[in-house]
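Visitor: Turn these sequences into a full structure, and let the hints steer you where they fit.
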Amino acid sequence: MASDRVGSGDDVRRAHDDHPPFRYPDYKSTMARSPERDMVTVLRTLSERTGPGPAWSAVEDDDADLTTNAGTGGRAIGARIVVTGRVLDAHGAPVPDTLVEIWQANAAGRYTHWRETEYDAPLDPNFLGVGQCHTDADGIYEFLTIRPGPYPWGNHPNAWRPAHVHLSLLGPALGSRLVTQLYFAGDPMLELDPIYCSAPPHSRHRMLAHYDHDVSVENWATGWRFDIVLAGEHATPGERQDD
Amino acid sequence: MGRPRRTRQTPSQTVGPFFGMALGREGDEVLVDDDTPGERIRLEGRLLDGNGDPVEDGLVELWQADASGRYRHPLDDWDPPPSTGDARGFTGFGRCPTAFETGAWAFDTIRPGAVADPAGGMQAPHLNLVVQARGMLDALFTRVYLDDEPANEADRVLQSVPAERRATLVATRQDGDDPPTFVLDLHLQGPDETVFLDV
Ligand SMILES: [Fe+3]
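In order, the protein sequences belong to chains A and B.
No gaps in the numbering here: position 4 of the first sequence is 4 in our numbering, and each next residue is one more.
No gaps in the numbering here: position 123 of the second sequence is 123 in our numbering, and each next residue is one more.
Treat the hints as calculated values from the structure; they're not laboratory data.
Take these hints with a grain of salt, some might be off.
Quick list of simulated restraints, FRET-style, between CB atoms [said to hold, decoys possible]:
1. A:38 / B:53: 19 to 25 Å
2. A:26 / B:35: 48 to 54 Å
3. B:147 / A:43: 20 to 26 Å
4. A:213 / B:116: 32 to 38 Å
5. B:35 / A:77: 42 to 48 Å
6. B:162 / A:142: 31 to 37 Å
7. B:35 / A:43: 18 to 24 Å
Residues on chain A that point at chain B, a partial pick, calculated with CB under 10 Å [to be verified]:
8. 91
9. 131
10. 195
Stretch-level coverage of chain B by chain A, calculated; a stretch enters the list once three of its residues show a Cβ under 8 Å from a Cβ in chain A [claimed, not checked]:
11. 16-22
12. 30-39
13. 65-79
14. 102-109
15. 134-140
16. 147-154
17. 171-184
Beta carbons: idealized from backbone N, C-alpha and C, even for Gly.
Guide: If you want it as structure tokens, here you go:
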């Protein structure tokens with residue numbers, strides 16, 4: 001099977017049938033921002049088989065507690081949640097030392113962002129809504145944060161984004177680059193959301209965090225589990241595979 | 001047969017309009033410092049939509065080899081340092097959110113060295129870009145070649161692109177700038193649509 005892992009790498013490419021299409025009319029902003037020509041498939045070289053994940057994971061400070069990282073000395077308001085899971089490569093192997101960056105609205109559905117919003121919801125001076133951490137040797141990451149609120153957006157009449165956390169991962173190869181959103185299993189607003197529904201039906205459930213009683217911390221925070229599968233494969237030093 | 005069925009990937013979602021909170025740190029568009037070996041270059045352009053309008057909330061990321069043609073990655077014999085926050089010099093990765101009014105992005109970096117082509121020989125020096133934006137449900141990948149590199153004529157990837165679309169991958173050197181500035185606009189859609197690569 002070793003040859004399966006080192007050949008042209010077709011089995012570790014970005015699998016477009018697991019991802020949303022670029023053009024998705026229910027999400028209006030895609031219409032002028034989606035390519036109309038076919039992608040050009042390249043024989044993967046070191047340019048495609050490498051990526052920034054390992055180099056960038058080596059330098060970032062951990063900042064995984066969003067309930068205190070505003071640095072005000074006060075605690076953020078809202079329902080505390082632990083979000084944890086494993087980052088896996090295209091073969092299901094854990095990806096250690098990967099930088100996971102997140103951003104989200106506060107408990108009331110407001111972002112701490114300079115862009116104007118017409119949504120009259122309060123900011124929380126003790127909540128930035130930004131965090132980062134690394135996966136450990138088993139590919140596990142963990143954040144302590146506040147359950148975000150839903151918020152309205154202008155896509156269509158009475159449009160609401162279901163509660164979600166944005167996640168960014170760099171990963172082991174260029175095509176591993178993933179920006180996604182974590183949603184909460186059981187949320188009745190999911191089926192009404194064109195962004196969630198843009199993912200193919202077979203893969204939508206992979207964006208759901210599930211309540212996990214083993215992750216909940218008594219008298220402190222409820223626990224949610226969310227695993228992430230990236231394209232590409234984790235490489236360790238000494239496994240140079242070109243030529 | 002016997003090939004392991006791959007694990008299904010977590011679907012991509014748009015970065016939305018608010019990613020700058022986390023992914024828009026000032027300085028991440030500068031890859032070099034005084035000690036970085038190699039020829040300084042500036043790479044810049046605009047990100048444009050299918051109407052030719054600037055994409056005011058896009059994110060362009062750069063991944064490139066160093067001046068000797070090596071990537072900071074274990075597959076290129078690079079050992080990651082322990083995760084202790086050491087100064088690592090040139091990582092080859094940069095980020096630049098597009099400017100709100102103009103869709104402009106820019107990187108201060110070095111001219112990359114040539115990287116081997118597994119099909120034989122060397123590739124022409126190139127930089128790899130990852131493009132995302134509100135209104136994009138997945139990331140797009142492309143390459144940037146530099147128009148003063150003679151090796152472009154023999155580059156397998158560049159030559160495999162239809163001739164009439166090849167210019168969308170080649171940045172143009174401006175006269176008189178020091179360090180030299182190379183310019184390339186990225187078009188998500190339309191008659192000048194950038195060639196995007198399936199990686
Ligand atoms: Fe959001």
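Visitor: Could you see if the CB distance from residue 162 of chain B to residue 142 of chain A stays within 31 to 37 Å?
Guide: violated, 48 Å
Visitor: With respect to the beta-carbon atoms only, verify the hint that residue 26 of chain A and residue 35 of chain B lie 48 to 54 Å apart.
Guide: holds, 50 Å
Visitor: Given that the segment 147-154 of chain B was listed as covered by chain A, double-check it with a C-beta distance under 8 Å for 3 or more residues.
Guide: violated (count 0)
Visitor: Given as covered by chain A, does the segment 16-22 of chain B meet the bar of three residues or more with CB within less than 8 Å?
Guide: holds (count 7)
Visitor: Would you say the C-beta atoms of residue 35 of chain B and residue 43 of chain A sit inside 18 to 24 Å of each other?
Guide: violated, 35 Å
Visitor: Checking C-beta pairs, does the segment 171-184 of chain B have three or more residues closer than 8 Å to chain A?
Guide: violated (count 0)
Visitor: Could one say that the CB atoms of residue 35 of chain B and residue 77 of chain A fall in the range 42 to 48 Å?
Guide: With a Cβ separation near 45 Å, residue 35 of chain B and residue 77 of chain A satisfy 42 to 48 Å, so the hint holds.
Visitor: Between the segment 30-39 of chain B and chain A, are there enough contacts, at least three residues with CB-CB distance under 8 Å, for the coverage claim to hold?
Guide: violated (count 0)
Visitor: Hey, does the residue 131 of chain A contact hint survive, CB to chain B under 10 Å?
Guide: For residue 131 of chain A, the interface hint holds, since the closest Cβ of chain B sits about 8 Å away, which is under 10 Å.
Visitor: Hint check: is the beta carbon of residue 91 of chain A less than 10 Å from a beta carbon of chain B?
Guide: It holds, given that the least Cβ distance between residue 91 of chain A and chain B is near 7 Å, below 10 Å.
Visitor: Quick check: do three or more residues in the segment 102-109 of chain B have a beta carbon closer than 8 Å to a beta carbon of chain A?
Guide: violated (count 0)
Visitor: Is the coverage entry for the segment 65-79 of chain B by chain A consistent with the three-residue Cβ rule at 8 Å?
Guide: Since three or more residues must qualify, the claim that chain A covers the segment 65-79 of chain B holds, with 10 doing so at under 8 Å.
Checked against the numbered hints above, the structure breaks hints 4, 6, 7, 12, 14, 16, 17 and satisfies the rest.
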